[in-house]
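Peer 1: Residue numbers (my numbering), protein chains in the order written: chain Z, 1 to 417; chain W, 1001 to 1417.
Calculated from the structure, these hints are not laboratory results.
These numbers were taken from a predicted model, which means no experiment stands behind them.
Keep in mind that a hint or two might mislead.
[Unchecked claim] Straight-line Cα separation of at most 27 Å, DSSO-like style, residue types lysine-lysine; simulated pairs:
1. K134/Z with K1369/W
2. K1184/W with K1114/W
3. K1263/W with K1077/W
4. K369/Z with K1134/W
5. K369/Z with K1038/W
6. K1139/W with K369/Z
7. K38/Z with K1369/W
8. K1369/W with K36/Z
9. K1369/W with K139/Z
10. K139/Z with K73/Z
11. K36/Z with K184/Z
12. K1260/W with K1080/W
13. K134/Z with K154/Z
14. K1304/W with K1283/W
15. K1114/W with K1077/W
16. K260/Z with K184/Z
17. K1139/W with K1152/W
18. K369/Z with K1036/W
[Unchecked claim] For each label pair, taking beta carbons as the anchor points, the in silico distance ranges come out as:
19. G1344/W with Y299/Z: 37 to 43 Å
20. A1307/W with P39/Z: 47 to 53 Å
21. G1344/W with T351/Z: 57 to 63 Å
C-beta: ideal position from N, C-alpha, C; glycine also.
Protein chains: 2
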Amino acid sequence: MAKKKASAVPAVQDWPGGLVTQVAGFRTATMHCGIKSKPGNPDLALLVCDQAAAAAGVFTTNLVHAAPVRVSKAALKAGKGTARAVVINAGNANACTGEQGERDAEAMAALTAKALGCKPAQVLVCSTGIIGHKMPMEKVERGIAELSSRIKQKGEQGDFARAIMTTDIVPKTAAATVEIDGVKVHVAGACKGSGMIAPRMATMLGFVVTDADIAPKALQAAMSDVADETFNCVTVDGDTSTNDTLLCMASGRAGNKALKTAKGPEYEGFRAALYAVCDSLAKQIAADGEGAQHTITLYVGGAKNDATAKTIARAIAESPLVKTAIAGCDPNWGRIMAAAGRSGGAFDPETSSLTVQGIELFRGGTPTKFDAAQVSEALKNREVGIVLMVGDGPGRAKFYTCDLTHGYIEINADYHT
Amino acid sequence: MAKKKASAVPAVQDWPGGLVTQVAGFRTATMHCGIKSKPGNPDLALLVCDQAAAAAGVFTTNLVHAAPVRVSKAALKAGKGTARAVVINAGNANACTGEQGERDAEAMAALTAKALGCKPAQVLVCSTGIIGHKMPMEKVERGIAELSSRIKQKGEQGDFARAIMTTDIVPKTAAATVEIDGVKVHVAGACKGSGMIAPRMATMLGFVVTDADIAPKALQAAMSDVADETFNCVTVDGDTSTNDTLLCMASGRAGNKALKTAKGPEYEGFRAALYAVCDSLAKQIAADGEGAQHTITLYVGGAKNDATAKTIARAIAESPLVKTAIAGCDPNWGRIMAAAGRSGGAFDPETSSLTVQGIELFRGGTPTKFDAAQVSEALKNREVGIVLMVGDGPGRAKFYTCDLTHGYIEINADYHT
């Protein structure tokens, strides 16, 4: 968080219902081109900026990364942080597909570029779905042609957030506004979850657009910084995907005085709006985690530093025993302390305290006297808050996760290749 | 593994049905003293050596460790690597119980020592069960008195492996023999699983006894070394317990020429017998993992070094997506490669190959053509073998785990505090 005077940083406003397509300069189109087997299920989307936009990306750290990740990284580099469009498909991850997969991802960029009249390096590519299957390129090629033509002729919008879903149950969108130099700047985003979620650099797929006028380097700084505090603090199952990609494009249409560097109150204001959008999207991913019946917000405070707090929080958020206890509305706090203890983050149980749903369960090495039935009842709420204070240090972290239920097993034992 | 000539190291023999109580010098007694609510369910056990035995221990690395772990560590130090007895209870972990817990664990050692006529520092203490509950010391005190008297009067044996179970379905024992200097040396052990299993130093509770004549330092070296390749390569749910303890006691009754140091073919022969016993116990833990329907043996080879192979293997073995795929008999190999890729262990997917149930699914960055129905059918076998070769390096690791099923959720969402 910024250490500036509060008055110097512009205040961020909620923008209820704000959509990617309501940000000046951006248009989308979506369709079912046939990658997913169920007819009517959208599986292809285009996100296009009317002119070259400043662009920033954060990508998976998985060594096994998908072809579109490599193609998008290369494009951002070649385009010097600018881009015109993103082409996205669901239903096929184009990962572990060898040289053919590489050629297919490059072809998706080239086909989109040709249809829009720009260079292939101005087009980013994202894929999500099953690993190890060849892309059905004939269907994709027809789809890209149709979506490009729809956008050019009718400026079609489509339900972008729904077109990028895989096992997600609900589409995920968030939006915020901030006033910079007396000009209203808009930030809106959409993303998908909901399994293989433990981003170490970005979530599965996330897209944020803004009409801010901002230099590519400043945009990349804001994006990397915010991703670390939001998407990198979500886990559904501890499995970091091969395709994680978070992209941000800025059209510059708001007309603010250009943000040229990653400092100053105006930059901090923009960063805060970006944070509000990404934080909301991150929490929505946890809430729609595969099989989730509880959304868990976990705060760890009082640690030596933020990194230690995050290490402890991640271990608790990934613990199957903690997640099944919450599924069963069971105040089994011993599992939370055991997960913290094995995390690798240094702390002293004797100076720790643990609160679940606002009720203290443990302090200073021993259990607090509490009414287990009361805590169980409180855990029937879908929203669960856990606060673990491990000392009086300055380090803190917030993590979003969900419980582990029969639904997760059903989805993942039956999702056949 | 030893780099000696094979002929120099004595051959280890299976000892089918061999029990802790059949090793010269050791006796056990077990009972239901009332810690567990269900009558007849054994919950207290004594393991006693007729004289002071060489003793070695490996303990949990969890920062939140239970009172009996601290007491046993201190006793091993004070006793200079010798011990007379171990008192073990199931149903209560005596963890997160503050100073009272510490006093209770010390009292368990003192009561046992008094009854057996030795010093408290000659008695080790192990507890397993729920975290954060006060020990019912009146019941424990009566129980220790009764068990000590039974051992002294009748040399009673009891079903030791069953008395240490919690959610385990089957008791776990293993035994082996090896000839040292023309003398037959026996090694036998018992352990418990079956949730909160991801030992980083030892398993939940494991006990191995031998009649070998071996110096405490050599015994500790063998135990630490073997634990690292066996119990430390098992995971059920990635949750390292607060109570993990592996103890080994040597009575010296075999009459072999004493093993004074951790080298030479005789020591290697003893170490091999210890390895055989611990490896079998480790695999039994995975097989009886909470809700397990498949036992998975995972080999990772060709890595830069053993540590890298182990890092990759652990990530695959802990992946909920891999474990649910196996539960569903689904050859979803992309999840295995994705878990390997996020593990943090360095390798090149382009030089990797993956085999499941003997069928190659992936090689050199692209899927092999395989018959998915045939692999699915092969995965109906309870025993699953996965081999991932990541290059041509010398590093290798073996890991045992189980699948993730509805049974795990049932056990852990309903196991109320």
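Peer 1: All hints, please: hold or fail.
Peer 2: Hints, one by one, checked against the model:
1. K134/Z with K1369/W: OK: K134/Z and K1369/W at ~12 Å, within 27 Å.
2. K1184/W with K1114/W: violated, 34 Å
3. K1263/W with K1077/W: holds, 23 Å
4. K369/Z with K1134/W: holds, 12 Å
5. K369/Z with K1038/W: holds, 25 Å
6. K1139/W with K369/Z: Holds. K1139/W to K369/Z sits at ~23 Å (cutoff 27 Å).
7. K38/Z with K1369/W: Holds, because 25 Å separates the two Cα atoms, which is no more than 27 Å.
8. K1369/W with K36/Z: With a Cα-Cα distance of about 22 Å, the restraint between K1369/W and K36/Z holds, given a limit of 27 Å.
9. K1369/W with K139/Z: Distance of about 23 Å is within 27 Å: holds.
10. K139/Z with K73/Z: Distance ~25 Å between K139/Z and K73/Z Cα, so the pair holds.
11. K36/Z with K184/Z: violated, 39 Å
12. K1260/W with K1080/W: holds, 15 Å
13. K134/Z with K154/Z: This hinted pair is violated, its Cα atoms lying about 32 Å apart.
14. K1304/W with K1283/W: Given that 27 Å is the threshold and the Cα spacing comes to 26 Å, the pair holds.
15. K1114/W with K1077/W: Holds: K1114/W and K1077/W sit about 20 Å apart, inside 27 Å.
16. K260/Z with K184/Z: holds, 18 Å
17. K1139/W with K1152/W: Since the Cα atoms of K1139/W and K1152/W sit roughly 20 Å apart, the hinted pair holds (cutoff 27 Å).
18. K369/Z with K1036/W: holds, 22 Å
19. G1344/W with Y299/Z: 37 to 43 Å: violated, 26 Å
20. A1307/W with P39/Z: 47 to 53 Å: The hint (47 to 53 Å, Cβ to Cβ) holds, given that A1307/W and P39/Z are roughly 50 Å apart.
21. G1344/W with T351/Z: 57 to 63 Å: Because 30 Å falls outside the window, the suggested range is violated.
Violation of the numbered hints given earlier is confined to hints 2, 11, 13, 19, 21; the remaining hints are satisfied by the structure.
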